[in-house]
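Listed below are the residues making up each chain.
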Amino acid sequence: MAQPEYSEEELLQRAGRGDARAFDRLYDLLSPRLFGLLRQMLTDEREAEDMLQDGFVQLWSKASDFDPSLSKAFTWAVMIFRHKAIDRMRALGRRNRLVESAALEHATLADSVHMGADDAAEAGERSALVREALNDLPKEQRQLIEFAFLKGLTHHVIAESLGIPLGTVKTNIRRGLLCLRDLLKGGV
Amino acid sequence: MDERHEELAAMNALGMLESDEKRVLNGASVADKDLRDFSAELELVASELARLIAPVEPPSNMKRRIHAKMRSSGVKGAGLSRGFVFGSIGWALAASLAVASVWLWQEREKLVQQVAAVSRAMAPVTPVVPSTEKKETRNIEEELKILLSDFETKKAALSTEIEALRKRETDANARIAQLVAEAEALKQQDERSQLQIATLQNSKIWEYRRCEMIVVWNGGKRQGVLLLDNMPRVDSGMDYQLWVIDPNKPDPVSAGVVEVNAKGVAKIAFKPVDVVGETVKFALSVEKKGGVPKAEGPIVLVGP
Numbered sequence: 037m038a039q040p041e042y043s044e045e046e047l048l049q050r051a052g053r054g055d056a057r058a059f060d061r062l063y064d065l066l067s068p069r070l071f072g073l074l075r076q077m078l079t080d081e082r083e084a085e086d087m088l089q090d091g092f093v094q095l096w097s098k099a100s101d102f103d104p105s106l107s108k109a110f111t112w113a114v115m116i117f118r119h120k121a122i123d124r125m126r127a128l129g130r131r132n133r134l135v136e137s138a139a140l141e142h143a144t145l146a147d148s149v150h151m152g153a154d155d156a157a158e159a160g161e162r163s164a165l166v167r168e169a170l171n172d173l174p175k176e177q178r179q180l181i182e183f184a185f186l187k188g189l190t191h192h193v194i195a196e197s198l199g200i201p202l203g204t205v206k207t208n209i210r211r212g213l214l215c216l217r218d219l220l221k222g223g224v
Numbered sequence: 015m016d017e018r019h020e021e022l023a024a025m026n027a028l029g030m031l032e033s034d035e036k037r038v039l040n041g042a043s044v045a046d047k048d049l050r051d052f053s054a055e056l057e058l059v060a061s062e063l064a065r066l067i068a069p070v071e072p073p074s075n076m077k078r079r080i081h082a083k084m085r086s087s088g089v090k091g092a093g094l095s096r097g098f099v100f101g102s103i104g105w106a107l108a109a110s111l112a113v114a115s116v117w118l119w120q121e122r123e124k125l126v127q128q129v130a131a132v133s134r135a136m137a138p139v140t141p142v143v144p145s146t147e148k149k150e151t152r153n154i155e156e157e158l159k160i161l162l163s164d165f166e167t168k169k170a171a172l173s174t175e176i177e178a179l180r181k182r183e184t185d186a187n188a189r190i191a192q193l194v195a196e197a198e199a200l201k202q203q204d205e206r207s208q209l210q211i212a213t214l215q216n217s218k219i220w221e222y223r224r225c226e227m228i229v230v231w232n233g234g235k236r237q238g239v240l241l242l243d244n245m246p247r248v249d250s251g252m253d254y255q256l257w258v259i260d261p262n263k264p265d266p267v268s269a270g271v272v273e274v275n276a277k278g279v280a281k282i283a284f285k286p287v288d289v290v291g292e293t294v295k296f297a298l299s300v301e302k303k304g305g306v307p308k309a310e311g312p313i314v315l316v317g318p
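Which chain is which? The protein sequence lines are H and A, in order. For my numbering, add 36 to where a residue sits in the first sequence, where the first one is 1. For my numbering, add 14 to where a residue sits in the second sequence, where the first one is 1.
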C-alpha cells in the first residue's frame, strides 16, 4: 500500500510513534542532505557513512522527542547529526588541528547553492531564504560562519587557521548568527 | 543574559566551544531560561545552513545497515511499526511474521556475504599496481637483487672455507690415524720389550733329554704361554704342573696343571695363582693328579 505524502515533520512524528514505514520514507527524504553534510564535515567517506548510520539509529530512538512547534524536522535532524559529527571529530583529534589553506577555500556554502541542494518545493523555498540571508551578511561574518559550520573546529583553531584575532572571531560569529536569525525570522 | 553568554551560545550553536566553555554555558543555562531558549534558537538557525549543502546519495545498502544496527543495538521497535493496532490474533501473526522476516533477512544477509566471499575467492587475480607502487616495487626488486648477490658471494666464500676446513679435517684425521698407528707400534714394541722367552732343552733327566719347552712370558701382564714337545707320558694318577720361580719368593708359584696329548705336545696359556715379579724362571714338575699347591714331585724341566 502506498504511503500517503506526509511532510517531513509528520513523518518524524509518526516515526516517533513507531511507524517504521514513515521512518523509511523520512530516511529517503533526509539522508542525501545529511550525508552531504557529514561528508563535508568529516571529509572521509567511510566516517560519513558510519555517522549517517549511527545518526539515523539515534533519530529513530529520539523521534518521539520531536516537537514540530519548535523546529523543522530537517533542522532538528541536522542538530543530531552535527553533534555526532563533532563528537566524532573530537574523538579523532581533528577539532584541534590547524586547517590547510586548500580546505579553507572549500569551506563555503555559497558555492554549493547553485547545485540545487534542496529543490523540493517548500524546502526549496526555505533553502533560498537561507541562501539569501547568508548572502546578506557582511563577508567576514559569512565566511566565518560557513567555515565554523562546515569544519566543526573550535574557535581557537579557527582564529589561528584564518589568522584572525580570537576576539574578532567571537564577535563576528555572535553578530553574524544573530543577524542570520533575524533575517530568517523575517522570512518565516 | 550578557554579551559573553551570547557569544558562548552563538559559538555553541556552531559547535565551536571547548569542553570547559560548554560546561560554563550549560551551567549558566540551568539558571537562565532566556539563555537556554536563546541557545536553542541559535542552534536551529545554524542548522538551517545545512539546507545549502549539496545532497549526496548514501550507499544503496545504507538503509539495511541502519536496520541491522538498530537490531544489533537492541533499539526498541526496530524494524517494526508501532503505528498499527492489531487484535490478539493479529499481534501473534504480526509477531510471527516479524520474527520470520528478521530470520529471513539475516539468512539473506549471510547468503549475500557468502556469495560475495565466493566471488572474491573465484575472481582472477589481476593485480593493479599504481605507478607509485610500481616504482616502489622496482626499488624493492633492486634491493632484493643486491641482497641476493651479496648472499651468493657470501655463500661462495663460505663454501670455499667449508671445503678448506673439510680438507684440513681429513688431513688431521689421517695424521691422527698415523699417530695412533705409531703409538700402537710403539706400544707393541714396548710390550715386546717386556716379553721374555725361555727355552729348555737337553734335560739332565734321561727320559726328558729330548724334550723341548718354550715359555713366552709377558712380564708386564704377568702371564705367558707354554709350549711342550716330545714329552713322555706320566704315570696314571700324575700330572705335569708348571711353576713360576720368583727369586723374591721362597717357594715356586703354581701356574697350573699341563695336559700333554698323545703325541707329547702341549700348548697352554697360563697365569700364576699368586703375584710374581717381572723377571722369573719356570719349572715343570710331575705332581699328583690335579696338581698341588706346593711343589712336591721331581722337577723335570727348569728354564734358564
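It is possible that part of the hints are untrue.
[Said to hold, decoys possible] With a straight-line cut-off of 27 angstroms between C-alpha atoms, the simulated DSS-like cross-links for lysine-lysine are:
| no. | chain 1 | residue 1 | chain 2 | residue 2 |
| --- | --- | --- | --- | --- |
| 1 | H | K98 | A | K77 |
| 2 | A | K181 | A | K169 |
| 3 | A | K302 | A | K277 |
| 4 | A | K83 | H | K120 |
| 5 | H | K120 | A | K36 |
| 6 | A | K169 | A | K235 |
| 7 | H | K98 | A | K235 |
| 8 | H | K98 | A | K308 |
| 9 | A | K263 | A | K277 |
| 10 | A | K235 | H | K120 |
| 11 | A | K36 | A | K47 |
| 12 | A | K218 | A | K159 |
Keep in mind the hints are simulated off the structure, nothing from the lab. No experiment lies behind these values; they were computed from the predicted model shown.
Hints versus structure:
As the CA atoms of K98 of chain H and K77 of chain A are separated by approximately 18 angstroms, the hinted pair is consistent with the 27 angstroms bound. Among the hinted pairs, K181 of chain A with K169 of chain A is consistent with the structure: their alpha-carbon atoms are about 18 angstroms apart, no more than 27 angstroms. For the given pair, K302 of chain A sits about 21 angstroms from K277 of chain A by alpha-carbon distance, which is consistent with the 27 angstroms threshold. With a CA separation close to 16 angstroms, the supplied pair K83 of chain A and K120 of chain H stays within the 27 angstroms bound.
A distance of roughly 16 angstroms separates the Cα atoms of K120 of chain H and K36 of chain A; the hinted pair therefore holds under the 27 angstroms criterion. For a cut-off of 27 angstroms, the pair hint linking K169 of chain A to K235 of chain A is broken: about 57 angstroms separates their Cα positions. Restraint check: the Cα-Cα separation between K98 of chain H and K235 of chain A comes to about 111 angstroms, which exceeds 27 angstroms; the hinted pair is violated. Between K98 of chain H and K308 of chain A, the direct Cα distance comes to roughly 127 angstroms. Violation of the 27 angstroms bound is thereby established for this hinted pair.
Only pairs whose Cα atoms come within 27 angstroms are accepted, and K263 of chain A paired with K277 of chain A is rejected, the gap being roughly 35 angstroms. This hinted pair does not check out: K235 of chain A and K120 of chain H have alpha carbons roughly 104 angstroms apart, beyond 27 angstroms. As the CA atoms of K36 of chain A and K47 of chain A are separated by approximately 16 angstroms, the hinted pair is consistent with the 27 angstroms bound. Pair hint K218 of chain A plus K159 of chain A does not hold up; C-alpha atoms about 99 angstroms apart against a cutoff of 27 angstroms.
Consistency note: the structure conflicts with the earlier hints numbered 6, 7, 8, 9, 10, 12.
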